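Student: Here is what each chain is made of, one letter per residue.
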Amino acid sequence: MSDWTIVLLSSALAFATKLAGYVVPESWVEGPRRRRVLALLPVALLAGLVAIQTFGGDGGSLHVDARLAAVAVAVVLLLVRANFLVVVIAAAAVAAGLRAIGWG
Amino acid sequence: MSNAGEAAPGEPSTAGDGTAYDELPTETRRSVLRQSLSVGLATGAYGISFGALGVSSGLSILQTSLLSVLLFSGGSQFAVVGILGAGGTGSAAVATSTLLGVRNGLYALQTSRLLDVRGWRRLAAAHLTIDESTAVAVGQDLRRAGRLGFWATGLAVFVFWNLMTLLGAFVGNALGDPTRWGLDAAAAAAFTALLWPRLRSRDAAATMVLAIAIALLTSPLLPVGVPVILTVLAALVVGLTGGGRHERADEDDPEPDLDPGAEVAR
Chain A
34 MSDWTIVLLS SALAFATKLA GYVVPESWVE GPRRRRVLAL LPVALLAGLV AIQTFGGDGG
94 SLHVDARLAA VAVAVVLLLV RANFLVVVIA AAAVAAGLRA IGWG
Chain B
33 MSNAGEAAPG EPSTAGDGTA YDELPTETRR SVLRQSLSVG LATGAYGISF GALGVSSGLS
93 ILQTSLLSVL LFSGGSQFAV VGILGAGGTG SAAVATSTLL GVRNGLYALQ TSRLLDVRGW
153 RRLAAAHLTI DESTAVAVGQ DLRRAGRLGF WATGLAVFVF WNLMTLLGAF VGNALGDPTR
213 WGLDAAAAAA FTALLWPRLR SRDAAATMVL AIAIALLTSP LLPVGVPVIL TVLAALVVGL
273 TGGGRHERAD EDDPEPDLDP GAEVAR
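So the sequences go chain by chain: A and B. Counting in this note's numbering, the first sequence runs from 34 upward without gaps. Counting in this note's numbering, the second sequence runs from 33 upward without gaps.
If we strip away everything but chain A, and leave its shape as in the complex, we get (with noise of 0.2 Å):
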C-alpha cells in the first residue's frame, strides 16, 4: 500500500465512521454489553500503541532503552496534570538526552 493510499484510505474511512453515526439508528449500539466493549476500545488501542511504541524494535522485538526512561517521566508529568505539549517534549527531552550521553 502505497504512502498515498494509506493518507487517502485512513482519512475516507475516519470519516464513514464519523458520518455512520449521523445516518445510522441508535439500537445498533444498543446494550451495556456492545456499550462497554465499544468504550473500552479506544483504551486498548491506545495501550497497545503505547507497549509498542515504548518496547518494539526491528522486526517486533522488545527492548528496554532511553524510550522507557521517556515514558516513565510522562507518567509522572500526567500524575501532576501537565500540558499535553509539555509532556511529549519533555519524553523526547529526555530520550534525546540519554541518547547524548550515550544509553539507550
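Each hint can be trusted.
Label-pair distances were calculated between CB atoms; the ranges are:
1) A/Met34 to B/Thr58: 48 to 58 Å
2) A/Arg66 to B/Arg62: 38 to 48 Å
3) B/Gly208 to A/Trp61: 42 to 52 Å
4) B/Val191 to A/Asp91: 33 to 43 Å
Where chain A lies over chain B, by a calculated footprint (3+ residues, C-beta under 8 Å):
5) 85-96
6) 99-113
7) 118-129
8) 154-160
9) 211-220
10) 228-238
11) 262-270
Since the hints were made in silico from the structure, they are not lab data. Values in this document were obtained by computation on a predicted structure and should not be read as measured data. Virtual Cβ for every residue (Gly too), placed ideally from N, Cα, C.
We have chain A already, so just place chain B on it with the hints.
Tutor: Leaving out everything else, chain B in the frame of chain A:
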C-alpha cells in the same frame, strides 16, 4: 434556518417562541465561544508534535498535513504515523486508525440528535465530530449553546490543529534523524497522554493491562502493527465479561461511551 418548534424535549421552557429560543444571552454566547477558543488553542498546540512525528515516520509534509485536514482525529492520526514509523504495514496503520476512530461514530449518535442537520451541514458536522467538539457541545445546559459550542470548538480545533501540523512538519523536516531528537519516545509519550484521561474505571485499567500483555507477547511473533490490532480482544474480553458488576451503573448513565475529558487539554 428557522428553529421554531425545534426545541428538544427537556429544553428549559424559557424558550417561549422561536425567536426567543434562537437568541442566546450574550453572556452565555461569550462564555461558550471563549471555551471553544481555548480548547481549540490547547488542542491545536499539540498538532505541532503530530506534524513533527508525521514527517519523521516517512510521510511528506503534504501527506502529513493532509492527514490533519482529511482524517482530522488526533488519536487515529498518531496511530497512522506511529505504526508507519515503526515499520508496520499500510493495512495495519489503516485498520488501527479506523478502529480508534469508531468512538467518533459514537459521539456522532449524540451530536446528530443535538444538531439535527441535513445536507452539506451534516457532512461538515460529521467531519468536525471529534472528542473536543463533542465534549464542549454536551457540556452546555442549553441546546442552542451546545450547538454553538460544537461548531465553534470544531472549527477552532480544525484551524489551529492544521496550522500547527504544518509548522510541526517543517520543524520535523529540519530536525533530521528522529531518534537523535527523541521523537520516537515522543510518540510513545503522546499515546500515553491520549490514554491517560480514559483510565478512570477499573474496567479501563484491566483493559489496559491486558492490552499491553497481548501487544508485547505477540509482538515477536506477528508482523509489525498486527499486535496493536489484536488488543481489540482486551476490550472484548473485559467489556463482555468483566463489566457485569457495573450493569446498574451503565443503566443509570445513558451515555457511558462519551468521555468529556478525553483528549481535551487540561
